[in-house]
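Trainee: Whenever a hint applies, use it, and build me the whole structure from the sequences.
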Amino acid sequence: MKINLSKKVGLVLTCATLFATVCEAQNVQQTSQGIKCNTQGMDISVEFYSPTIVRVYKTPEGKPYDKESLVVIKSPERMKVEISQEQGQATLKSSSLKVIVNPSTGGISFYTAGGKELLKDKDYGTSFAGKDDAGTPSYQVRSAFLLEKDEPIYGVGQVMDGKFNRRNSMHHMQNENMFTYSPYFMSPVKGYAVYWDNYSISEFADSPQELSFQSLGHCADYYFMYGKDSDGVIAQVRDLTGHSPMLPLWAYGFFQSKERYHTQEENLSVLKKYRELQIPIDCMIQDWRYWPEYNRTDSAWNSHSFDPERFPNPKKWADEIHRLNAKLMIVAWPGFGSKTEQRKELDAKGMIINFDTWPPQSGARPYDVYNPEARDIYWKYLNKGIFSYIGNDGWWLDSTEPDHINRKESDYDLPTHLGSYRSVKNAYSLMHNSGIASHQKAQNKDKRVVILTRSGFIGQQRYGSNTWSGDVASTWEMLEKQIPAALNYTLMGIPNWNSDIGGFFAGRWNEGGGAKNPKYQELYVRWMQFGAFCPMMRSHGTEVAREIWNFGERGSWCFDAQEKMIKLRYRLLPYTYSTSWDVSHNDGTFMRPLLMDFTTDKNTYEVGGEFLFGRSILVTPVTRPEVTEWPVYLPAGTDWWDFWNNEKQQGGQTVARSVSKDILPVYIKAGSILPFGPSVQYSTEKSWDNLEIRIYPGADGIFTLYEDENDNYNYEKGLCSTICFRWDDHTRRLTIEDRKGDFPGMLKNRKFKVIVVNQKSGTGDQPMKGGKTVNYTGKNVTVKL
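For reference, each letter of the sequence shown is one residue, going 1 to 785 in our numbering.
These aren't lab readings, by the way, just hints derived from the structure by calculation.
Treat the hints loosely; a few may be bogus.
Stated by the list, open to error - Simulated pairs of lysine to any residue, SDA-like, Cα-Cα distance not exceeding 20 Å:
hint: 1; residue 1: K602; residue 2: L147
hint: 2; residue 1: K447; residue 2: T542
hint: 3; residue 1: K344; residue 2: R310
hint: 4; residue 1: K661; residue 2: D765
Claimed, not checked - The calculated label-pair distances, taken between Cβ atoms and stated as ranges, are:
hint: 5; residue 1: G637; residue 2: N710; range: 29 to 39 Å
hint: 6; residue 1: M170; residue 2: K315; range: 28 to 38 Å
hint: 7; residue 1: P208; residue 2: T263; range: 55 to 65 Å
hint: 8; residue 1: T263; residue 2: L785; range: 52 to 62 Å
hint: 9; residue 1: S75; residue 2: E543; range: 45 to 55 Å
hint: 10; residue 1: S96; residue 2: N714; range: 28 to 38 Å
hint: 11; residue 1: S96; residue 2: N444; range: 17 to 27 Å
A virtual CB, placed ideally from N, CA and C, is assigned to each residue, including glycine.
Mentor: Here it is, written out as structure tokens:
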């Protein structure tokens, strides 16, 4: 069917009457910022949410569905959208995008405003197959997209398959321990992403013919986001689903944990020994079963209370940890044992999902996290029993998939507040995190929410949650798989990720001595080297003790190698905390795949074993045993400085870096300005009044140093400061601009030791030689170097 309309006619929103007339034959209607049409047995709505975000919403003809998203928090902006009709197709155009809708086939094509093709929603590519969802009429919904043949895509989730580029792959998207999915993919080369707004157990499939999502639901609902490049796409994702808040400074220190500390004294003694050894540490974690164990059963599982024999004075325990200048993170689970008060109340109100969760044979059941009243009840007990009682500093939310044991297919038919469990399963972690984060922040503005969680979903970044990769095995193969899994996860816009340093299940190493087993020591150190450049640095596991002294004494290679990385982590705190500000304020990313910053270098498209930590530090973890050299690809377009010996290398080549067991390849991009902090025992021990500012020459550079009160939410009111450093490589001048902003306790006057790095400067992890000392009072100053 065609409409006889001159190609020269361009219609805008002000021409609604004329547009309605010419579209009547095709049943196309203009809306405030888009169009609606009916074709192929579907009602289709295409609406601009912003100049760079378009929502496509399809339902079976005559069966409207009023949907409230769990993920999308953005409302459509008021904006100008030009709408025209040409050759039987409707064209919608914003300042950034052009969208062409074919009312006959349902096909939708996305272009830049300049006409560059980005993606096509396939003609006849959406289908609705009727499906009974636990007694409720629903559909198996499928939509297909057409990509360029060699176009790489990323995202999809944290997948432990060792792959980076997600082309030509299939995934059963069901969030479980170690596998965390969101129905999302990004094309960094073309600068767009698609989020399929559905929380059910789903299927993702990509082949040379098409890419598709298939889910249970009442609508096909997705958002097309255009950002020009990876950073821009992530900014769009966070604009749509929520920005990432600042975590406190201590959250970037070192965390010690294990499965488990049996008493409060055992937990406290570990912290005391770290202090005695002068090994930096900021947080102790308490794992499960601190609650009463009636007759050694788990009927009190997750009671949010403390066993009176093993934890006789939990308030004193927490106070003592604070007195030793550390923080306490406590585990909490979504399931409750049969004798807990939470279980009784939630059961009475029909707010328990009745399937078996961990631990086995305990009778524990997860709560209905989709019910806002259930989330209120959860916090009521958590707050009374722990947060307001002992004043802990963070939450370890374990099993947020949640664990599902003694599994039956009928379990997925169980009802929740929002429908069958099958239809909303993948959003469980999102909703669980939302309840705890929102309640704590509303109650206490002096303590930023810090959450460690085992699962995730797009949108979870708005709660500051830090996802870890689950109960991974202590193997070299699994260490290698962590890196591309983490990078794809963070490309979904969720910046905080970490893994159990050393792997969780380590019993395989006990035969050779456990922590004294030389082979496990090498794996543990290599994992710690990787962990030092993750958003959270956390040692944890079972079957082998992980505290540093279990591996040997100071002077032994394994002890010294760990101490080296922990101390480096603390010296990098000014850089890392400023990166956290970049993540929060500028929608930046901690773990940056090389293709984010070097998209024109096609060699980076398959490099999933390296990343930039922040915008300057290239990290290549060693993931094989007993190697003396490790290949490192240095992206083209810039020079690179070896962090350890300050040798300069040209980009666009693979170098074989020698790697003793205490060294991993780390390179600094030319033009980088890196602030290095003092040697400390905990994150806030010393002020940053005499920072070492390292300049890695070879290109112009810029860096913004961020500071605030290190905790609380006053930064959201503007109580923070930034100092911008600019390096002119040609004139060899560093300009330190006027300080912007202030906050209570801010350093008014300080010194910066500025060093232009060269091969005579010294070892990278030690204070460098030479340089100039600059007295800074908050006013613009330029230094010739």
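Trainee: If a hint holds in the structure, say so; if it doesn't, say that too.
Mentor: Taking the hints in turn, this is what the structure says about them:
Only pairs whose Cα atoms come within 20 Å are accepted, and K602 paired with L147 is accepted, the gap being roughly 17 Å. About 30 Å separates the Cα atoms of K447 and T542, which puts this hinted pair outside 20 Å; it is violated. For the hint pairing K344 with R310, the CA-to-CA distance comes to about 25 Å; that exceeds 20 Å, so the pair is violated. Between K661 and D765 the CA atoms are separated by roughly 16 Å; this keeps the pair inside 20 Å, and the hint holds.
Under the hint 29 to 39 Å, the C-beta atoms of G637 and N710, about 36 Å apart, fit the expected range. Taken as a hint, the range 28 to 38 Å is violated for the pair M170 and K315, whose Cβ atoms sit roughly 52 Å apart. Here the CB-CB span from P208 to T263 is close to 59 Å, well matched to the stated 55 to 65 Å. In this structure, T263 and L785 meet the distance hint of 52 to 62 Å, their C-beta atoms being roughly 55 Å apart.
Taken as a hint, the range 45 to 55 Å holds for the pair S75 and E543, whose Cβ atoms sit roughly 50 Å apart. Taking 28 to 38 Å as the suggested C-beta distance range, the pair S96 and N714 conforms, at roughly 35 Å. S96 and N444 have their C-beta atoms about 40 Å apart, which leaves the hinted 17 to 27 Å range violated.
Of the numbered hints given earlier, the model fails hints 2, 3, 6, 11; all others are met.
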